[in-house]
Every structure is written in structure tokens, then in C-alpha cells.
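Peer 1: Here is what each chain is made of, one letter per residue.
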Amino acid sequence: MNNKLFGKTTVLISALSAILIIAALIYILLEIYLGGRSVLSWEFITSEPKEGMTAGGIFPAIVGTVLLVLIMSLACVPIGTITAIYLNEYASKKSIFTRMIRFAVNTLSGVPAIVFGLFGLGFFIQFIGNGMDKAFYNSELHWAQPNILWASLTMAFLTIPVVIVSVEESLKTVPDDLRAASLSLGATKWQTIRKVIIPNSVSGILTGSILAIGRGAGEVAPILFTGAAYFLPYTPTQLTDQFMNLGYHIYVMATQSTDVEATKGIQYATAFILLACTFFLSFIAIIIRYRFRKKINI
Amino acid sequence: MNANSKIKVENLNFFYGPKKALNNVSIIIPDKKVTALIGPSGCGKSTFLRTLNRMNDLITSTNIDGKVLIDDVNIYEKNIDIVELRKKVGMIFQKSNPFPKSIYENVAYGPRINGIKSKNQLDEIVEQSLIRSALWSEVKDDLNKSGLSLSGGQQQRLCIARALAVDPEIILMDEPASALDPISTTKIEDLIFELKNNYTIIIVTHNMQQAARVSDNTAFFYMGDLIEYTSTQKMFTNPELQQTEDYIRGRFG
Numbered sequence: 001m002n003n004k005l006f007g008k009t010t011v012l013i014s015a016l017s018a019i020l021i022i023a024a025l026i027y028i029l030l031e032i033y034l035g036g037r038s039v040l041s042w043e044f045i046t047s048e049p050k051e052g053m054t055a056g057g058i059f060p061a062i063v064g065t066v067l068l069v070l071i072m073s074l075a076c077v078p079i080g081t082i083t084a085i086y087l088n089e090y091a092s093k094k095s096i097f098t099r100m101i102r103f104a105v106n107t108l109s110g111v112p113a114i115v116f117g118l119f120g121l122g123f124f125i126q127f128i129g130n131g132m133d134k135a136f137y138n139s140e141l142h143w144a145q146p147n148i149l150w151a152s153l154t155m156a157f158l159t160i161p162v163v164i165v166s167v168e169e170s171l172k173t174v175p176d177d178l179r180a181a182s183l184s185l186g187a188t189k190w191q192t193i194r195k196v197i198i199p200n201s202v203s204g205i206l207t208g209s210i211l212a213i214g215r216g217a218g219e220v221a222p223i224l225f226t227g228a229a230y231f232l233p234y235t236p237t238q239l240t241d242q243f244m245n246l247g248y249h250i251y252v253m254a255t256q257s258t259d260v261e262a263t264k265g266i267q268y269a270t271a272f273i274l275l276a277c278t279f280f281l282s283f284i285a286i287i288i289r290y291r292f293r294k295k296i297n298i
Numbered sequence: 001m002n003a004n005s006k007i008k009v010e011n012l013n014f015f016y017g018p019k020k021a022l023n024n025v026s027i028i029i030p031d032k033k034v035t036a037l038i039g040p041s042g043c044g045k046s047t048f049l050r051t052l053n054r055m056n057d058l059i060t061s062t063n064i065d066g067k068v069l070i071d072d073v074n075i076y077e078k079n080i081d082i083v084e085l086r087k088k089v090g091m092i093f094q095k096s097n098p099f100p101k102s103i104y105e106n107v108a109y110g111p112r113i114n115g116i117k118s119k120n121q122l123d124e125i126v127e128q129s130l131i132r133s134a135l136w137s138e139v140k141d142d143l144n145k146s147g148l149s150l151s152g153g154q155q156q157r158l159c160i161a162r163a164l165a166v167d168p169e170i171i172l173m174d175e176p177a178s179a180l181d182p183i184s185t186t187k188i189e190d191l192i193f194e195l196k197n198n199y200t201i202i203i204v205t206h207n208m209q210q211a212a213r214v215s216d217n218t219a220f221f222y223m224g225d226l227i228e229y230t231s232t233q234k235m236f237t238n239p240e241l242q243q244t245e246d247y248i249r250g251r252f253g
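Chains as they are written, first to last, in this note's numbering: chain A, 1 to 298; chain B, 1 to 253.
I should point out that these hints are in silico values taken from the structure, not numbers from a laboratory.
None of the values given here were measured: they were computed from a predicted structure.
Wrong hints could be hidden among the right ones.
As the list claims (entries may be wrong) - Straight-line Cα separation of at most 27 Å, DSS-like style, residue types lysine-lysine; simulated pairs:
#, chain 1, residue 1, chain 2, residue 2
1, A, Lys-189, B, Lys-88
2, A, Lys-195, B, Lys-95
3, B, Lys-95, A, Lys-294
4, B, Lys-145, A, Lys-195
5, A, Lys-189, B, Lys-187
6, B, Lys-140, A, Lys-195
7, A, Lys-189, B, Lys-196
8, B, Lys-234, B, Lys-196
9, B, Lys-95, B, Lys-234
10, A, Lys-189, B, Lys-78
11, A, Lys-172, B, Lys-234
12, A, Lys-189, B, Lys-67
Said to hold, decoys possible - Among the chain B residues that face chain A by a calculated CB cut under 7 Å, a handful are:
#, residue
13, Arg-86
14, Lys-87
15, Met-91
16, Asn-97
17, Gly-110
18, Ile-113
19, Ile-116
20, Val-166
Here a beta-carbon is modelled for each residue, glycine too, at the ideal position from N, C-alpha and C.
Generate the whole structure from the sequences, applying the supplied hints.
Peer 2: As C-alpha cells, then:
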């Protein structure tokens, strides 16, 4: 009798927690949507900010955010995937080197975002950017300043651990039987990885990308010093350009605006678009993952 | 026992870390015959099987000494190409392990990694391999279906077809029928009987009747030692040693 009661209580508590989370999410979405509803329009999405950002749209910020996330993904997905493959397929589990990499990955994922921002400023802009300018441009200023490339790479550092962890998890689910089968047919280790292991873990790689995209689109601190612009009426056309960013735009309007009250609707609407962008980018990855799963037909 | 020898093993010792798994095993395995390895669990027969295509290399902290000569070449020499070795010595595992790919792609996997690209050639190899593994008539209209959609017995025959597709000379089978129902088992055994015309087959089995039915010679392993090795007929009617007889009669093991 006691056991039964306990069972029922457990179910009740888990159901309540689930409902609480969903309710919170719905509340946030509704609040954002209702707050921004009056501002949201096609024009808001497609035009640049006007009148000290108290009017107009957020087009440059949308483009900037999407570009940031795309360049970041180009950097963090391959590097994260290759690292995970190395850790899971090649490295001996007990070697000092492997343990060092794992320790680094775990530490990296615990570092506060603002520290990445400072790191990006010091490493990419002042060290690499400066070095490039000295070497190729006769010290003329090209790369030693914030731009979208440095911002994306800084953000990539933040998201690499996310990719590594989820790819590695999916590599672990590939049965050893399949590795043995491939090797016993005379495949080399690399052929086995390319033809058996990677196709079986595509869904993990894409899950990693989805998580990385979500993280990268929302973080502001890493790009504060490395590329995000306060206001830029045009969209970036080359890697040395600065860019506007949705998250940063919200921060700017909430804290730096001449007329915070007037920007309230815009802030809500911008937050809404940021969520929509993240969802859209993740949705693309989810579709690709779905098609791969169907093709592999497990 | 006087047929041409294919594999000659001389004084083979094998260690998992400090634990000795094979103790000074020497054996000559004839060409195009079926050799059964029997013995209780943990006796070293599977370990021995895996030394023949160096699948034990995948396990860390193992050690080996002695010689394994296949066609008079020691496969543990330094300059041996393991990839070539494994093409020559195919392997069928206890649990069928088709790739999560189509039936066609499963069989074409080996030829493809060997660089065969021509569609006609691949079609031919796939068909021939499936015919030889006695699966063709059951799957010829569903070559694009996933290998995993087949029944357990069919999956195992698919794995055999996959192994045949790289044109091996020796096929190692590690309890290939232990997870199958009696009808599927019979099919696999019939297949082994067919295959020995063209291949040297070494099969590990726990099933005495199976060893008696399919093999020409039988080797009895116990605690890492090769206890007795003789023709199957003699082994199962009049073994040399009491220990062998006890095991075969089911008195221990």
C-alpha cells in the first residue's frame, strides 16, 4: 500500500515538474510575442535600425547573427568531430595525452563566456590579427581589429566542447561488431571510420551542431570585444567587417539607448526573431538528421 | 591428415596481459577442409581462431610468440600487410553483424574498399557471393532492402556472402550458428559443406554434433593447450585420450 502510494506520488511529482517546465517556456514565448507583436512586421525584419535605434528594423542584426553562426559552425563542427573521432577511435583510453585532452575539453566547457571574449581579443585580434597585418600588410590595419571572423572563431571555442561530447556519445553507440566486421574484410582503420563509423554517427554530429548553433546564436559575451558592432547600417560583406548581432542588439537597446522606453517593443520583437532564427537554423539541422536516419534505415 | 597444408602453427603462445591463453600450440591445418575447434568455454579456441587473421591485434596489452605460417609465410613478421592478410583470411562472427546498409551494399563493401568501382563488376560479385552463400534466391528481388531487415539466419548468410565477396582463401567461423534456430543452423551447415570445395574453413563450435557433422578434422582445446587433434571420425568414435572422450561424451565442460 505504501509502495503504491509512493509510486503514485513519484508519477505526480515528475508530471508536475514536466508541466512546470513547459508552462515556463510557453509563458516566456507568449510574453515575448505579445510584447513584440505591435512591432513585428515584414518591414521590421527587412530594414535597418533608424533614429538612434528607437525605430526601424533589425535586418543587419539578423544577417550578422546568421553569418556568425554559420562561420562558427564551419569551424567548430569539423574540429569537434575530428577531435571526438580521435578520442574515441585512435587514442588509447589511458594515455596521459588523452587524459589531457579530456581535461582540457571539460575545463573549456566550464569557462565563463566573457573569458572567451577576452581570450579572443588577446589571441585572435592582438596576436594573430596583428601578426598578419605586420606580415602581409606592412602594419596597415586590416585584421588587428574586431571582425566577424574573429568573433565566429571565438564563439567556436565556446561550442567545440558541445560538439565533441555529443559526437563522442554517438561514436560510442556504434557497436564494436561493426568495426570488427569491417576490419575483418580487409578495411583499414580509416576506411572503417569513413564508411561505417561516421555514417552511423551522423545523427550525433548533427545533434552536436544543433546544440552548438543554439549556444552560439544566444551568447553575447564572446563577441563583445571581438566583432559585434553597436550600430552598423550595412551587412558584413567580408571577413574583416564588423557585424550587428541580435543578442547584442537587445543588450544595447536595454542598457545604452537614449530612450529605453521607446525601444521596449523592439527589444521584445528582437528577442522573438532571435528565437525564430535559432529555431530555423536548428530546424535545418534536424531535417538533415531526419533524412540521414531514414537513409541509414536503422 | 595428409592433404596439402594451408596453415602451419608452431609453438604459439598467447597472453592477455599476464594471463596465458594459449600454451605452445602447434597444429597443421589442411587446405580445403573443414577443421573444427572444440573445447569448453575459455579454453582458448576462439583466441586461437583470432590469431589466424590477427584480430587479436585490436585488443590492447596482448602478447604473442611463436609462428603462424599461412602458405609458408609467417603472418606475424614485421613487414606483413594486415589488410592483405585479412582479405585472404575472412571471418564470420558469432553474432551476425551486417552493416546498417542495404543487402547489396553489405556484400559490395569489401570489393568497394578494394577499389572496384565498375557497377557491372560489383553486380556480378554481389550476385555470385549471394549465390555461394545460398541466399540469392531469397533476396534477389530485395537487394536494396536493409541487411538488418533479414532474419537471424539470413543475416548470418549475408555476412558469409560479404566475406566471400573479397575472395578469401580461408574462412574463420566463430560459433557461426550458436544464435540460430535449428533450421537456420542446418542451412549454415549445408553451406559449410558446399564451401569447403573452394575454401579452407576453420570453425569454432560448442556443438559436438555440429563438429561431427561438418568437419573433416577436429582439434580439442583445454585450458590453452591443444589436447588432441585428429580426423573427426576418429575423434568422435575412438579418441586417443580419456580427457577428450570425457569432454565429447559430455562428462565435463
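Peer 1: If a hint holds in the structure, say so; if it doesn't, say that too.
Peer 2: Verification of the hints:
no.: 1; hint: A:Lys-189 - B:Lys-88; verdict: holds (17 Å)
no.: 2; hint: A:Lys-195 - B:Lys-95; verdict: holds (21 Å)
no.: 3; hint: B:Lys-95 - A:Lys-294; verdict: holds (25 Å)
no.: 4; hint: B:Lys-145 - A:Lys-195; verdict: holds (18 Å)
no.: 5; hint: A:Lys-189 - B:Lys-187; verdict: violated (33 Å)
no.: 6; hint: B:Lys-140 - A:Lys-195; verdict: holds (24 Å)
no.: 7; hint: A:Lys-189 - B:Lys-196; verdict: violated (30 Å)
no.: 8; hint: B:Lys-234 - B:Lys-196; verdict: holds (20 Å)
no.: 9; hint: B:Lys-95 - B:Lys-234; verdict: violated (31 Å)
no.: 10; hint: A:Lys-189 - B:Lys-78; verdict: holds (18 Å)
no.: 11; hint: A:Lys-172 - B:Lys-234; verdict: violated (47 Å)
no.: 12; hint: A:Lys-189 - B:Lys-67; verdict: holds (25 Å)
no.: 13; hint: Arg-86; verdict: holds (4 Å)
no.: 14; hint: Lys-87; verdict: holds (4 Å)
no.: 15; hint: Met-91; verdict: holds (4 Å)
no.: 16; hint: Asn-97; verdict: holds (4 Å)
no.: 17; hint: Gly-110; verdict: holds (4 Å)
no.: 18; hint: Ile-113; verdict: holds (5 Å)
no.: 19; hint: Ile-116; verdict: violated (12 Å)
no.: 20; hint: Val-166; verdict: holds (6 Å)
Hint compliance for this structure: hints 5, 7, 9, 11 and 19 are not met, and every other hint is.
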